[in-house]
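2 protein chains.
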Amino acid sequence: MNEFDLIEQYFNWQGDDDKSAIGDDCALLSIEANQQLATSVDTLIEGVHFPPETAAADIAYKALAVNLSDLAAMGATPQYFTLALTLPEFNRHWLEQFSSVLKSLADEYRINLVGGDTTKGKLSITINVTGTVPKGRALLRSAAKVGDVIFVSNTLGDAALAWQQIQQGINPSQPLLTQFNTPNPQIQLGQALLGVANACIDISDGLEQDLGHILHASKVGASINLSDIPLSQALIAYLKKTNDWCLPLAGGDDYQLCFSVPEACISRLQAIKRQLGVRLTKIGIITQNQQLKIAGLDKTCQSYRHF
Amino acid sequence: MNEFDLIEQYFNWQGDDDKSAIGDDCALLSIEANQQLATSVDTLIEGVHFPPETAAADIAYKALAVNLSDLAAMGATPQYFTLALTLPEFNRHWLEQFSSVLKSLADEYRINLVGGDTTKGKLSITINVTGTVPKGRALLRSAAKVGDVIFVSNTLGDAALAWQQIQQGINPSQPLLTQFNTPNPQIQLGQALLGVANACIDISDGLEQDLGHILHASKVGASINLSDIPLSQALIAYLKKTNDWCLPLAGGDDYQLCFSVPEACISRLQAIKRQLGVRLTKIGIITQNQQLKIAGLDKTCQSYRHF
Chain A
1 MNEFDLIEQY
11 FNWQGDDDKS
21 AIGDDCALLS
31 IEANQQLATS
41 VDTLIEGVHF
51 PPETAAADIA
61 YKALAVNLSD
71 LAAMGATPQY
81 FTLALTLPEF
91 NRHWLEQFSS
101 VLKSLADEYR
111 INLVGGDTTK
121 GKLSITINVT
131 GTVPKGRALL
141 RSAAKVGDVI
151 FVSNTLGDAA
161 LAWQQIQQGI
171 NPSQPLLTQF
181 NTPNPQIQLG
191 QALLGVANAC
201 IDISDGLEQD
211 LGHILHASKV
221 GASINLSDIP
231 LSQALIAYLK
241 KTNDWCLPLA
251 GGDDYQLCFS
261 VPEACISRLQ
271 AIKRQLGVRL
281 TKIGIITQNQ
291 QLKIAGLDKT
301 CQSYRHF
Chain B
1 MNEFDLIEQY
11 FNWQGDDDKS
21 AIGDDCALLS
31 IEANQQLATS
41 VDTLIEGVHF
51 PPETAAADIA
61 YKALAVNLSD
71 LAAMGATPQY
81 FTLALTLPEF
91 NRHWLEQFSS
101 VLKSLADEYR
111 INLVGGDTTK
121 GKLSITINVT
131 GTVPKGRALL
141 RSAAKVGDVI
151 FVSNTLGDAA
161 LAWQQIQQGI
171 NPSQPLLTQF
181 NTPNPQIQLG
191 QALLGVANAC
201 IDISDGLEQD
211 LGHILHASKV
221 GASINLSDIP
231 LSQALIAYLK
241 KTNDWCLPLA
251 GGDDYQLCFS
261 VPEACISRLQ
271 AIKRQLGVRL
281 TKIGIITQNQ
291 QLKIAGLDKT
301 CQSYRHF
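One line per chain: the protein sequences are A and B, in this order. For the record, in the first sequence the residue sitting at position 67 is 67 according to this note's numbering, with numbers rising by one throughout. For the record, in the second sequence the residue sitting at position 103 is 103 according to this note's numbering, with numbers rising by one throughout.
One or more of the hints may lead you astray.
Restraint-style ranges between C-beta atoms, simulated for each label pair [as the list claims (entries may be wrong)]:
| hint | chain 1 | residue 1 | chain 2 | residue 2 | range |
| --- | --- | --- | --- | --- | --- |
| 1 | A | 288 | B | 195 | 40 to 48 Å |
| 2 | B | 293 | A | 34 | 46 to 54 Å |
| 3 | A | 55 | B | 225 | 50 to 58 Å |
| 4 | A | 271 | B | 110 | 44 to 52 Å |
To be clear, the hints were calculated from the coordinates, so they are not data collected in a lab. Because the structure is a prediction, the values reported are computed rather than measured. Where a beta carbon is used, it is the ideal one built from N, C-alpha and C, also for glycine.
Generate coordinates for the entire structure from the input sequences, incorporating the hints supplied.
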């Protein structure tokens with residue numbers, strides 16, 4: 001058996017008889033009627049999206065989680081994904097760690113790996129996820145309405161603080177590292193928001209930029225309060241020292257949801273909060289004036305740029 | 001406008017109001033009832049799959065064409081694709097060439113670009129194509145039956161000869177370069193073979209290995225004749241000099257279809273041949289003995305390996 005066959009083995013989690021399994025020119029999949037497909041692709045590159053010393057397990061987790069987060073932002077139910085994996089060398093230990101965590105996260109979110117490609121080169125992982133959402137009900141960036149209340153889930157800035165510390169040679173605390181390496185995609189929250197939220201986005205590029213996408217797509221504005229942004233104890237301590245609000249506003253890598261909810265649905269949101277045990281914080285309101293006003297901020301932050 | 005927004009512009013071919021357009025966390029797509037999805041992913045890396053001096057136009061063409069070839073092998077109709085593009089730098093001219101050829105090939109095969117990701121790093125292109133095929137009718141590797149006649153489309157080995165010459169510092173002739181840089185994915189042929197062929201595969205890793213996949217999946221064998229393999233004039237001349245049959249048998253990169261047809265359907269194949277103007281050559285027959293016998297070959301070829 002050559003190395004290429006071996007690599008296939010690591011990712012061939014389904015039986016040979018499963019028609020959706022890796023092994024034909026394409027994977028075949030059936031989708032229920034009255035569902036739309038939601039599909040998204042993200043690439044993680046060593047040195048750009050994670051430091052070279054990152055464990056294979058953490059890389060696998062994050063590569064799938066950031067893609068699941070895109071499904072969460074649409075309120076979609078994960079269905080299947082493909083994996084394009086570029087590896088510098090054949091490393092059995094690395095592949096075992098990588099594939100085992102990928103499988104366990106995939107199982108947790110009930111998403112199947114249906115196809116892939118392995119190539120030789122600098123470490124890079126491209127995952128394309130596909131989910132389903134009832135026709136016409138997906139949460140869109142373009143659906144925010146004037147008067148909607150703006151919420152975000154959990155806390156912001158933790159992953160960005162971890163990344164900043166790593167770059168400075170400081171070992172981040174475990175809670176910060178967890179947010180950086182193994183963020184929870186908010187799949188359940190996204191599904192629960194169908195019919196409750198108007199617009200929704202995941203905060204991968206930073207709140208300022210991502211909320212900006214909602215405002216641009218919806219042709220509205222927003223007014224948010226700096227003091228309402230939910231922060232972890234670590235972030236509160238960091239801000240006390242530095243007053244660097246750009247980290248939670250523009251650091252990116254949060255994979256939380258930012259969404260707008262009409263007043264009439266706020267009570268349903270309280271039920272979701274209790275049911276899922278997720279922290280949901282009101283940070284502002286959608287306005288008519290097509291601008292993002294951040295009360296309490298005296299500067300502009302440079303959001304994450306891909307180049 | 002920053003460079004990231006600019007890159008998005010190059011690939012935002014649809015209007016802002018098109019729900020399937022790039023711009024939300026996921027693209028949303030509707031699929032007709034009674035269709036299955038067929039999905040496949042392929043990565044091309046500079047220096048591995050194409051030489052560094054390859055024109056952006058040729059890279060774009062091949063990156064999409066090799067993926068369309070996987071849809072062809074299933075008899076699927078192209079629907080949409082995603083693009084994960086890793087670029088070493090922002091180069092307006094390169095992006096214009098790349099996106100323009102990508103769009104023109106996509107238009108030709110009526111497939112929409114619905115999502116993407118751009119990252120910074122060594123040049124690499126990952127495309128994930130999705131097509132549809134009537135439920136239960138896809139051409140599978142596992143469907144070959146003893147007695148089926150084996151065919152291949154057009155000629156084999158041309159792209160491999162071009163690649164060999166490039167590596168030796170020789171400029172390939174235009175017809176060879178065309179097969180290497182801009183192979184025609186056999187989409188129409190694949191669709192026409194639905195209900196006519198039993199098993200089908202695209203010859204991307206070389207006839208010996210890819211036919212081997214059909215035999216393995218179908219638990220059958222095959223007997224083919226070296227002298228029946230369809231060759232271009234350039235290959236005939238090359239073989240006269242070298243007797244290196246490994247090039248057409250295992251060179252790979254052919255993107256032709258190899259398929260098995262029951263005797264009863266051969267006459268329908270003749271009609272397809274006339275209608276599409278495609279060269280279809282009988283090269284052998286499916287046998288019970290689970291081996292691949294190549295009459296006329298006195299050695300084993302080393303097929304393309306990804307590592």
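The hints, checked one at a time:
no. : hint                      : verdict
1   : 288/A - 195/B: 40 to 48 Å : violated (58 Å)
2   : 293/B - 34/A: 46 to 54 Å  : holds (51 Å)
3   : 55/A - 225/B: 50 to 58 Å  : holds (52 Å)
4   : 271/A - 110/B: 44 to 52 Å : holds (45 Å)
Violated hint for the displayed structure: number 1, the only one.
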